[in-house]
Amino acid sequence: MTSFRLADVGRLDASKTARFTFDGRSLSGLEGDTLASALIANGIHLVGRSFKYHRPRGILSAGSEEPNALVGVHRDAARRTPNVRATVQELYDGLSAVSQNRWPSLAFDMGAVNNLGAPFFSAGFYYKTFMWPKAAWKHLYEPQIRNAAGLGTAPEESDPDHYASRYAHCEVLVVGGGAAGLAAASAAAESGQRVILCDEQAGLGGALRFESGSQIDGVAGWDWAQATAAKLAGMDNVRILPRTTAFGYYAQNMVGLVERVTEHLATPDPELPRERLWHVRAKRVVVATGAIERHMVFADNDRPGIMLASAARHYLNHYGVAVGREVGIYTANDSAYGAALDLHRAGIRIAAIVDLRDDPRGEMIDAARAAGIELLTGHCVAKTGGRLRVSSMAVMPKAGGASRIIPVDALLVSAGWTPSVHLFSQSRGKLAFDTRRQIFLPGAQAQECISIGACNGTESLAETLEEALAAGAQAVRGVGGEASRSISLPSRTAESWTGGMSGSAPGAEPGKAVKAFVDFQNDVTAKDIGQAVREGMRSIEHVKRFTTNGMATDQGKTSNLHGLAIASEILGKPMPEVGLTTFRAPFTPVTFGAIVGHGRGALFDPTRKTPMHSFAEEQGAVFEDVGQWKRAWYFPQAGEDMHAAVARECRTVREAAGMFDASTLGKIEVVGPDAAEFMELMYTNPWKKLGVGRCRYGIMLREDGFVMDDGVVGRLADDRFHVTTTTGGAARVLHHMEDYLQTEFPHLNVWLTSVSEQWAVIAVQGPKARDIIAPLVAGIDLSDEAMPHMSVREGTILGVPTRLFRMSFTGERGFEINVPADYGRVVWDAVWAEARGQGACAYGTETMHVLRAEKGFIIVGQETDGTVTPHDLGLDWAIGSKKSDFVGIRGLKRPDLVASGRKQLVGLKTKDPKIVLEEGAQIVADPRQPIPMKMIGHVSSSYWSENCGRSIALALLQDGRSLMGETLFLPMPDRTIEVEVTSPVFFDEKGERVHG
Amino acid sequence: MLLIRCPYCQEERPELEFRHAGEAHVVRPHNIADISDEEFEAFFFHRANPKGITHERWRHVHGCGRFFNAVRDTVSDRFVTTYKAGEPKPALEEHKA
Chain A
1 MTSFRLADVG RLDASKTARF TFDGRSLSGL EGDTLASALI ANGIHLVGRS
51 FKYHRPRGIL SAGSEEPNAL VGVHRDAARR TPNVRATVQE LYDGLSAVSQ
101 NRWPSLAFDM GAVNNLGAPF FSAGFYYKTF MWPKAAWKHL YEPQIRNAAG
151 LGTAPEESDP DHYASRYAHC EVLVVGGGAA GLAAASAAAE SGQRVILCDE
201 QAGLGGALRF ESGSQIDGVA GWDWAQATAA KLAGMDNVRI LPRTTAFGYY
251 AQNMVGLVER VTEHLATPDP ELPRERLWHV RAKRVVVATG AIERHMVFAD
301 NDRPGIMLAS AARHYLNHYG VAVGREVGIY TANDSAYGAA LDLHRAGIRI
351 AAIVDLRDDP RGEMIDAARA AGIELLTGHC VAKTGGRLRV SSMAVMPKAG
401 GASRIIPVDA LLVSAGWTPS VHLFSQSRGK LAFDTRRQIF LPGAQAQECI
451 SIGACNGTES LAETLEEALA AGAQAVRGVG GEASRSISLP SRTAESWTGG
501 MSGSAPGAEP GKAVKAFVDF QNDVTAKDIG QAVREGMRSI EHVKRFTTNG
551 MATDQGKTSN LHGLAIASEI LGKPMPEVGL TTFRAPFTPV TFGAIVGHGR
601 GALFDPTRKT PMHSFAEEQG AVFEDVGQWK RAWYFPQAGE DMHAAVAREC
651 RTVREAAGMF DASTLGKIEV VGPDAAEFME LMYTNPWKKL GVGRCRYGIM
701 LREDGFVMDD GVVGRLADDR FHVTTTTGGA ARVLHHMEDY LQTEFPHLNV
751 WLTSVSEQWA VIAVQGPKAR DIIAPLVAGI DLSDEAMPHM SVREGTILGV
801 PTRLFRMSFT GERGFEINVP ADYGRVVWDA VWAEARGQGA CAYGTETMHV
851 LRAEKGFIIV GQETDGTVTP HDLGLDWAIG SKKSDFVGIR GLKRPDLVAS
901 GRKQLVGLKT KDPKIVLEEG AQIVADPRQP IPMKMIGHVS SSYWSENCGR
951 SIALALLQDG RSLMGETLFL PMPDRTIEVE VTSPVFFDEK GERVHG
Chain B
1 MLLIRCPYCQ EERPELEFRH AGEAHVVRPH NIADISDEEF EAFFFHRANP
51 KGITHERWRH VHGCGRFFNA VRDTVSDRFV TTYKAGEPKP ALEEHKA
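Line by line, the protein sequences are chains A and B. Per the working numbering: the first sequence = residues 1 to 996. Per the working numbering: the second sequence = residues 1 to 97.
Rather than coming from a laboratory, the hints here were simulated on the basis of the structure. Here the structure is a predicted model, which means the values were calculated and not measured. Hints may contain errors.
[Claimed, not checked] In silico lysine-lysine, DSS-like type, Cα no more than 30 Å apart, as pairs:
#1 51(B) <-> 283(A)
#2 283(A) <-> 89(B)
#3 283(A) <-> 689(A)
#4 990(A) <-> 688(A)
#5 283(A) <-> 84(B)
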C-alpha cells in the first residue's frame with residue numbers, strides 16, 4: 001500500500017504509530033490522527049454508501065459537519081457505536097471501524113440498484129408510492145422500508161459505560177477555541193472572572209489548524225493558539241474543555257455541553273465516564289463557532305475523492321497527509337487557492353484550478369499564477385468520472401463550449417463559507433440576511449451573547465482578533481467586572497475568504513437531469529428541490545420535509561444554504577422570503593447516555609421501602625409497585641400460587657386476624673387554632689363537632705365537585721388532626737391543602753406537616769385483633785366501651801409511643817398501630833409473635849383489596865376516575881349538609897352533577913358464581929343490540945371472594961341504584977356474561993363485625 | 001432550564017425546584033356556594049391563555065414551599081417579575097423595555 005503521508009509535513013510524530021482496522025483490513029496511522037486522516041493516509045477515500053441510492057461516498061470534510069463518512073466504531077460486543085463521523089473520531093491503537101449501509105461489501109453493494117432506479121426514487125417518493133392499498137402499509141411497505149432504511153446498527157447489549165453530569169457557573173462562556181475564541185477568552189480571563197472555553201476538537205486552534213498563512217503576535221497562528229491555550233489552562237479562573245461540543249443553547253444563557261472523555265483512548269479507565277454532560281449557566285456567552293465551507297453543486301459531485309478545499313488543507317497541514325497526487329480545484333471563492341498553494345508547496349501536482357468567477361483578483365490568485373498552476377477562470381466542472389473514486393473532471397467554459405477531460409484523483413471544492421449561526425439561532429436571536437454576500441448573520445439578540453469572528457461574518461484575521469478582544473472586554477464589563485484591555489494581538493495573514501456562491505453551479509440547474517447533490521447524507525439533488533417547488537412547496541420548511549434536505553444526522557450543515565438558494569431562484573424570491581429552516585438543538589448528535597447520565601437502572605427513580613419491608617422479604621412475600629413504593633402483594637406459603645395464598649389470607653383475617661403493613665399511607669398533621677375550620681373547608685365532612693379521640697372517614701373534593709382523595713382522620717386534640725391520605729395521593733393532597741391555606745384561606749392559623757415517613761403503620765384486623773395487641777399496649781383502655789370503633793388514643797406499645805387507631809378497612813374489628821418509623825420493625829415483630837399465637841397471618845395488598853371490596857369500600861383511583869362525585873358513590877352521608885362552604889360545594893351543584901343518568905356504585909354478582917369479571921369490562925342492557933352497543937357502565941373492581949364463596953365485583957352503572965336485582969350483560973370477546981345488580985356490600989351487610 | 005426568582009427566598013433558583021400552578025389572580029368567591037352557574041363557569045373553567053404577558057402562579061415546591069405569582073412572557077418565556085401571593089398585579093410599564 002502506497003502511503004499518502006508526507007515526510008516533514010504536518011504536526012504528527014511519525015514514530016508514534018497506531019494500528020487500526022477498517023472493515024477487517026489492518027492499517028496503520030499515527031497518534032493524533034482522526035480516523036479520516038488515517039484512512040486517507042492509506043489511500044482510502046471510499047468509506048460508505050449513501051442512504052437512498054447507495055452511491056459510493058468518501059470523506060467530504062475534516063470536521064463535525066461531515067455528511068458522508070459515517071462508520072461504526074466497535075470496541076466490544078456492547079460498545080458498537082454507529083454513525084460515528086470518521087472526521088471527528090480520534091485514532092487510537094486497536095480501533096476497529098466498519099463501513100455502513102452496504103451489503104455484501106463496500107465496493108460491491110447490492111443496494112446500489114436503487115441508483116439505477118433513481119428516476120423512481122424522486123422527492124416525495126415515499127409519500128406518493130406507499131399510499132395504497134392501506135393494508136399493504138402494515139404488512140409490506142413498512143417492514144420493507146424499515147429494513148432498508150436507517151444508518152448503521154445499534155448494539156443489542158445494554159450500554160456498559162457510565163456517563164457523568166455536572167453543573168457549572170461562569171461569568172463568560174466562550175464557545176469555540178479558534179483565533180476568535182482564544183482571543184476573547186484571554187481578554188475575559190485577564191479580568192479574573194470565571195471563564196469556560198470549550199471546543200469540539202481535540203485541541204484548540206480552530207481554522208488556524210489549516211490556515212498556513214496566518215501569523216499572530218509574531219508567531220505562526222497555530223503556535224500562538226497552542227501557547228495561548230496553555231497560558232489559559234494555567235489560570236485558576238479558566239476552565240478549558242476540549243473534545244466538548246456546545247450542542248444546545250437554552251433559556252437564560254444555559255448552554256448544554258457534552259464532553260467526550262474516553263472516546264479517543266485505546267484502553268479507557270473504567271472509572272472514567274464515557275461522556276460528561278455540562279449544564280453551564282453563563283452570565284455572558286461569546287459565540288465563536290466559525291464557519292462551515294460549502295461544496296459546489298454540480299453533476300456527480302459526490303464521488304469519493306471530492307472534498308472541501310479546507311478539509312484537504314487540514315489533512316495536509318495538520319496531519320501531513322496528501323488527499324491525492326493529481327488534485328483539481330473547483331471554486332467560487334479565494335480560500336480554495338490556499339489549498340492549491342499548500343499542496344503545490346508540498347509537491348503535489350495541481351491539475352488545474354477551475355474558478356467560476358470571470359476575473360478573480362487578489363494576492364492568492366496572483367500567487368497561484370506565479371506558482372505556475374493552470375487557472376481556468378469563468379469555467380465550470382460539468383461532471384466527473386470514476387466509480388469508487390473520482391478519476392477525472394470535465395471542464396468547460398461556464399457560458400458553454402467544448403469540454404476538456406482533466407484526469408484527477410482528488411477534486412477540492414469550495415463554494416464559500418456559511419457562518420455557523422446554529423447556537424445564536426437556538427438562543428432565539430434573529431438572523432439578518434447579508435444581501436451582498438448572500439449569507440445569514442446574527443442579528444438582534446434575545447439573550448446575553450456576542451457573536452464574533454467567522455460566525456459573525458467577519459473575514460479578516462485582524463478584524464476577528466480586534467472583535468474578539470473587544471467582546472471579551474465587553475462581556476467582563478457586562479457582568480460588572482473591570483476589563484483592562486492590556487492584550488493586543490498584531491497579526492498578518494495571506495488568507496482571503498473573498499467570493500462565494502450558493503445554489504447550483506452552471507450545468508446543474510434544477511431542470512437538468514443530472515445528479516448534483518445538495519444534501520449528501522439524504523441523497524437530495526438540485527433536481528429534487530426543483531421538483532418540490534414545482535409540486536407546490538413554497539416555504540423552505542415544506543421543501544425540507546418533502547425532499548428531506550437538511551434532515552439527516554448532519555442537519556444540513558453543508559446543504560441548507562444551497563437548498564434555500566435553489567428554491568429561492570426557482571421561486572424568483574429573495575432567500576429571506578423563502579425562509580431559513582429553524583436551527584434546533586442538538587448541534588451534533590448527542591448520545592442518550594449523556595442525557596440520561598446516572599439516572600438509569602436503580603437510579604432511574606427512587607424506590608421507597610417501608611420500615612417493615614425486610615420482614616416481608618424474609619417471609620417470601622411477592623411485591624408490587626405502587627408508585628415508588630414496594631408493597632407486599634401476597635405472602636405465598638409452600639406450594640401456594642397467588643390465588644391460594646390470597647384465599648387463605650382472606651379467610652384467616654375474617655376467622656382469626658391478619659397483619660398488614662399500611663405504612664405507605666399518606667399522613668399529614670393539621671395543627672393550629674383554626675385546624676378544625678380548615679378541615680371543614682378541605683373535606684366535605686363536618687369536623688368541628690368531632691370529639692377529641694374520635695375518627696371520621698373524610699372525603700376531599702376538587703373545586704369541580706369530583707372526589708380527589710379520602711382517608712380516616714383522627715382528632716388528637718382540639719387543635720390537632722392526624723389526617724391520612726391514599727398512598728398515591730399523599731403529595732397531591734398536601735399540595736392542594738397548602739395551595740388553599742396559602743392563597744385562599746391565609747387568615748387561618750394552621751400548620752401542615754407531612755408525617756408520612758415519620759410513622760410506621762401496622763394494621764391488625766380480625767376478630768382476635770384486640771387479643772393480639774392487648775399484651776403489648778400500655779396506657780390505653782382497649783375495651784369496646786372505652787375505645788369504640790373509629791377512635792384514636794395515644795399511649796405506648798412495647799414502651800414505644802403510639803397513636804393507636806381503632807378503625808377498619810376490612811369490616812373486622814381492627815386497629816392501626818402508628819409508631820415512629822425507626823421502631824416499625826421491632827414493634828411489628830412483637831405483634832407478629834402474638835399474632836402467630838392467635839392463628840393470624842400476614843397479608844398483602846391483594847387481600848386488603850379483596851376484603852375491602854367484600855365490604856363495598858371504595859378505593860380512590862379504582863372506583864373513581866376524576867369524574868365521580870360522593871353521591872355517585874353513595875357517600876352523601878359524608879357531606880356536611882349544614883356547611884356553608886367547603887372546596888367543591890359549588891361544583892357539586894353543577895347541572896351535570898345533579899342530573900339523572902349518572903353512573904352509580906353498585907355490586908355485580910355473576911349468574912355463574914365461578915366467573916370472575918374483568919376489571920374495565922363494559923356493561924350493556926341488551927346483548928343482542930347491534931354494535932356499537934350502548935354501554936351503560938363498567939366494572940371497577942372484581943375478585944374471587946373466598947369468604948363469600950363466589951366472585952364479587954363493584955361497578956359504576958348508569959342509574960345503578962334503581963336497577964337492583966336486574967339482569968345485565970357483559971359482552972366479552974369469547975362469550976357474554978350475565979350478572980345481577982346488587983348492593984356493593986357483599987359481606988356482613990349490617991356492619992356488626994367492626995364492633996367486635 | 002429557566003431560572004425563577006422566589007420572592008420569599010429572594011433567590012433565583014432553577015426551574016426544577018418549582019411547580020407551575022395555573023393562572024394567577026383568579027379569586028375564589030367568598031360566597032361560592034351561592035354563585036350562579038355562569039359565575040362558576042367563569043371562575044373555574046375560563047382562563048385567559050394569552051400570547052404575551054401572563055400572570056401565573058408558581059410554587060417553590062422543592063424550596064420554601066410557598067406559592068407566589070409571576071409575570072411571564074409566553075412568547076419569549078422571559079420572567080418579567082415575581083411577587084408574593086396576595087400582592088396586587090405589578091405595574092408593567094417599567095418592565096416593558
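We went through each hint and held it up to the structure:
no.	hint	result
1	51(B) <-> 283(A)	holds, 28 Å
2	283(A) <-> 89(B)	holds, 29 Å
3	283(A) <-> 689(A)	violated, 58 Å
4	990(A) <-> 688(A)	holds, 28 Å
5	283(A) <-> 84(B)	holds, 26 Å
Checked against the numbered hints given earlier, the structure breaks only hint 3 and satisfies all the rest.
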